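Using the sequences provided together with the hints, build the complete structure.
There are 2 protein chains.
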Amino acid sequence: MSDIYFTPGPTALYFTAEEHIKNAIRNGVVSTSHRGQQFKDIYKACADNLKELMNIPDNYHVLITSSANEAWERIIQNCVRSDSYHISNGPFAARFEKVASQLQKRTHDLKLADGGIPSLEQIDVPEKAEIVTICLNESGTGAAFPLALINQIREKYPEKLIAIDGVSAVPVTPVDFTKIDTLYFSVQKAFGLPAGLGIWIANERCLSKAVELANEGLMIGSYHQLPEMVEKAMEYQTTETPNILGIYTLAKVAEDMLTKGVTAIRREIDYKAAILNIAVEEHPQLSHFIENPAYRSKTVSVIKTSFENSKLINHLKEKHIQIGTGYGKYKPEHIRIANFPTHSKEQMEMLVDMISAFKV
Amino acid sequence: MSDIYFTPGPTALYFTAEEHIKNAIRNGVVSTSHRGQQFKDIYKACADNLKELMNIPDNYHVLITSSANEAWERIIQNCVRSDSYHISNGPFAARFEKVASQLQKRTHDLKLADGGIPSLEQIDVPEKAEIVTICLNESGTGAAFPLALINQIREKYPEKLIAIDGVSAVPVTPVDFTKIDTLYFSVQKAFGLPAGLGIWIANERCLSKAVELANEGLMIGSYHQLPEMVEKAMEYQTTETPNILGIYTLAKVAEDMLTKGVTAIRREIDYKAAILNIAVEEHPQLSHFIENPAYRSKTVSVIKTSFENSKLINHLKEKHIQIGTGYGKYKPEHIRIANFPTHSKEQMEMLVDMISAFKV
Numbered sequence: 001m002s003d004i005y006f007t008p009g010p011t012a013l014y015f016t017a018e019e020h021i022k023n024a025i026r027n028g029v030v031s032t033s034h035r036g037q038q039f040k041d042i043y044k045a046c047a048d049n050l051k052e053l054m055n056i057p058d059n060y061h062v063l064i065t066s067s068a069n070e071a072w073e074r075i076i077q078n079c080v081r082s083d084s085y086h087i088s089n090g091p092f093a094a095r096f097e098k099v100a101s102q103l104q105k106r107t108h109d110l111k112l113a114d115g116g117i118p119s120l121e122q123i124d125v126p127e128k129a130e131i132v133t134i135c136l137n138e139s140g141t142g143a144a145f146p147l148a149l150i151n152q153i154r155e156k157y158p159e160k161l162i163a164i165d166g167v168s169a170v171p172v173t174p175v176d177f178t179k180i181d182t183l184y185f186s187v188q189k190a191f192g193l194p195a196g197l198g199i200w201i202a203n204e205r206c207l208s209k210a211v212e213l214a215n216e217g218l219m220i221g222s223y224h225q226l227p228e229m230v231e232k233a234m235e236y237q238t239t240e241t242p243n244i245l246g247i248y249t250l251a252k253v254a255e256d257m258l259t260k261g262v263t264a265i266r267r268e269i270d271y272k273a274a275i276l277n278i279a280v281e282e283h284p285q286l287s288h289f290i291e292n293p294a295y296r297s298k299t300v301s302v303i304k305t306s307f308e309n310s311k312l313i314n315h316l317k318e319k320h321i322q323i324g325t326g327y328g329k330y331k332p333e334h335i336r337i338a339n340f341p342t343h344s345k346e347q348m349e350m351l352v353d354m355i356s357a358f359k360v
Numbered sequence: 001m002s003d004i005y006f007t008p009g010p011t012a013l014y015f016t017a018e019e020h021i022k023n024a025i026r027n028g029v030v031s032t033s034h035r036g037q038q039f040k041d042i043y044k045a046c047a048d049n050l051k052e053l054m055n056i057p058d059n060y061h062v063l064i065t066s067s068a069n070e071a072w073e074r075i076i077q078n079c080v081r082s083d084s085y086h087i088s089n090g091p092f093a094a095r096f097e098k099v100a101s102q103l104q105k106r107t108h109d110l111k112l113a114d115g116g117i118p119s120l121e122q123i124d125v126p127e128k129a130e131i132v133t134i135c136l137n138e139s140g141t142g143a144a145f146p147l148a149l150i151n152q153i154r155e156k157y158p159e160k161l162i163a164i165d166g167v168s169a170v171p172v173t174p175v176d177f178t179k180i181d182t183l184y185f186s187v188q189k190a191f192g193l194p195a196g197l198g199i200w201i202a203n204e205r206c207l208s209k210a211v212e213l214a215n216e217g218l219m220i221g222s223y224h225q226l227p228e229m230v231e232k233a234m235e236y237q238t239t240e241t242p243n244i245l246g247i248y249t250l251a252k253v254a255e256d257m258l259t260k261g262v263t264a265i266r267r268e269i270d271y272k273a274a275i276l277n278i279a280v281e282e283h284p285q286l287s288h289f290i291e292n293p294a295y296r297s298k299t300v301s302v303i304k305t306s307f308e309n310s311k312l313i314n315h316l317k318e319k320h321i322q323i324g325t326g327y328g329k330y331k332p333e334h335i336r337i338a339n340f341p342t343h344s345k346e347q348m349e350m351l352v353d354m355i356s357a358f359k360v
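Chains A and B, in that order, give the protein sequences.
Residue numbering for the first sequence follows full-length UniProt numbering, beginning at 1 and increasing consecutively.
Residue numbering for the second sequence follows full-length UniProt numbering, beginning at 1 and increasing consecutively.
One should not assume that every hint holds.
Taking lysine-lysine pairs in the BS3-like style, the calculated list, with each CA pair at most 30 Å apart, reads [to be verified]:
1) B:105 with A:319
2) B:329 with A:128
3) B:260 with A:44
4) A:98 with B:311
5) A:40 with B:232
6) A:44 with B:331
7) B:317 with A:331
8) B:22 with A:345
9) B:232 with A:232
10) B:317 with A:98
11) B:319 with A:44
12) B:311 with A:232
13) B:317 with A:40
14) B:232 with A:98
15) B:319 with A:98
16) A:111 with B:232
17) A:311 with B:40
18) B:304 with A:319
19) A:317 with B:44
20) B:40 with A:317
21) A:98 with B:44
22) B:331 with B:304
23) A:44 with A:22
24) A:345 with A:317
25) B:128 with A:232
26) A:22 with B:260
27) B:232 with A:317
28) B:232 with A:329
29) A:105 with B:319
30) A:232 with B:317
31) B:44 with A:329
32) B:304 with A:40
33) B:98 with A:22
34) B:304 with A:22
35) B:40 with A:319
36) B:329 with A:232
37) B:22 with A:44
38) B:311 with A:260
39) B:22 with A:40
40) A:105 with B:232
Derived from the structure by calculation, the hints contain no laboratory data.
Given the structure is predicted, the values throughout are model-derived calculations rather than measurements.
Structure below.
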């Protein structure tokens, strides 16, 4: 019996992914040239399906990176001349600031407690800052950044670029792309694919900014400069040989999700999150790390254990179920449970029953 | 019937790769955390097998990138303060210079005709240049840079770092790592794996240089700074979630190559290159782009056609055999044929027979 992965990522493959990978090998997708028509068709299908699934406006570009980490770097290189502003409410949010700082930008950091959500008043972006970065779903803490607050930031600072870390949130969280400028994600979370591919979505304002910086003689990277990436992407081409197998599989899984319907997917996520949340609340030795339900992620639950977390983790492992430890400094005291589109209601019910029955 | 790919990359999968990919899915390799022991074991197996296969000394680090393109960028960022020297004898060699230039280094370029191999006297590295970059096997032109000349450059310039583009050459070309400082490759060429993974091998001199630059306050990148990559790699960890499936498959294919024996692999390459070369020489309408056999790549043959190349390409395609067009400006007038470890003697004999029988 193979294990069921509820780990926050890498995680269980989307249930159709294995078949798509096998087909890709059979159809020569793994051997085809990234300069040929077969690849162009794959990239187009991937971009079109993601646009439909995530309601991405036509004038946003769907670009290929190797990871979300790379997207951090490319966004800073291409969209920031000197100053950036970061809402740092957890380890992943904070890493965007770190990347900007390593790339020698002047960073302005709204440092919050782990899992904290700021009020609009707390968000005070200096005039010099060109971008505001936000982590939509903190896989480290289980905090979900409110979509309404993103919209308010947009109204308060219409001139600033807004960059969203969509990792582990999309396509579940219904982002309004007209309120943001760029969003990126890696595929080994909610899309349930093998790691090694990132998607970077960027609008014309990002592109103009990159062109502006390049015209000023600033360094905007080498093989993955935004203007060249966009130029190639217009023809469904890339500047380097990309992870073609990953792009193909993402195109197919996005298609499967469209067939199922994003509403059905979100309804299932809601149901699974609800039963898990109730189990945590009713369990005498478990509690939510994010106390306010409005700020609690539906896709990554971070749960405090009043006992050594390995007891529950190992108990489940014996039953061939894998859940995550805490992240970073919380490694021994939290458990993390993913609730992604690939996890069926039945699987989550089984997990919830096991957790409810477990006492130390 | 699925096609046989003799394209220079992406190309045919190594004949055992499909089985390894299926096993990876079965064994949870695609779902495992990159922070866990299973991943560490995979990375260690990959590094150990590559070290044995390619005779890489113990004090060289085997690092994970997303592509050879990324390695260009990381080498320039981490190993060059101000000046770099590039032997540009073809499109891929020239792109290393372009990356350095885009990263705003002062580049010194030995610009040669496509496919040209310089004499030692021609190679005149300015004192300020910190690195010499060489493309071992130009997939664009079919030129192989002589290993003896690399050794001579090392003797002439012992203080300079030497960086080798090993794409489409390794593990076939027996590089002497003690004569170079860093080498990188992508896996979709001679290793016969799906694209989306690069391997960057670097020694302590590269590491010291990166530390030196960082200490001087220079920018050496963000999530893929060499010092941090090495620190993590010492524990078989990476700084970001990598292409775990790719690393696993590379570990397994390298193991299969070790089982077969690198001598046997190289002997087969020699045989296949020999029969292809003879066929070209005996064909009235074909000729080698690289006239001097000493400088001719064994793994990527670039052949001039005195007719429109699509005639032969399409003729072979009808027989389910795929070969490459010319690269860049040579697209309509060259054909390119890969001779990688996955291509069997029988497959190459069949291809050679078809080419010999083809007349316009």
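Hint by hint, here is what the structure shows:
no. : hint             : result
1   : B:105 with A:319 : 56 Å, violated
2   : B:329 with A:128 : 45 Å, violated
3   : B:260 with A:44  : 40 Å, violated
4   : A:98 with B:311  : 54 Å, violated
5   : A:40 with B:232  : 36 Å, violated
6   : A:44 with B:331  : 24 Å, holds
7   : B:317 with A:331 : 55 Å, violated
8   : B:22 with A:345  : 27 Å, holds
9   : B:232 with A:232 : 34 Å, violated
10  : B:317 with A:98  : 50 Å, violated
11  : B:319 with A:44  : 28 Å, holds
12  : B:311 with A:232 : 28 Å, holds
13  : B:317 with A:40  : 19 Å, holds
14  : B:232 with A:98  : 18 Å, holds
15  : B:319 with A:98  : 54 Å, violated
16  : A:111 with B:232 : 27 Å, holds
17  : A:311 with B:40  : 23 Å, holds
18  : B:304 with A:319 : 62 Å, violated
19  : A:317 with B:44  : 24 Å, holds
20  : B:40 with A:317  : 19 Å, holds
21  : A:98 with B:44   : 28 Å, holds
22  : B:331 with B:304 : 10 Å, holds
23  : A:44 with A:22   : 21 Å, holds
24  : A:345 with A:317 : 20 Å, holds
25  : B:128 with A:232 : 36 Å, violated
26  : A:22 with B:260  : 26 Å, holds
27  : B:232 with A:317 : 27 Å, holds
28  : B:232 with A:329 : 18 Å, holds
29  : A:105 with B:319 : 56 Å, violated
30  : A:232 with B:317 : 27 Å, holds
31  : B:44 with A:329  : 26 Å, holds
32  : B:304 with A:40  : 27 Å, holds
33  : B:98 with A:22   : 38 Å, violated
34  : B:304 with A:22  : 36 Å, violated
35  : B:40 with A:319  : 24 Å, holds
36  : B:329 with A:232 : 18 Å, holds
37  : B:22 with A:44   : 27 Å, holds
38  : B:311 with A:260 : 45 Å, violated
39  : B:22 with A:40   : 26 Å, holds
40  : A:105 with B:232 : 25 Å, holds
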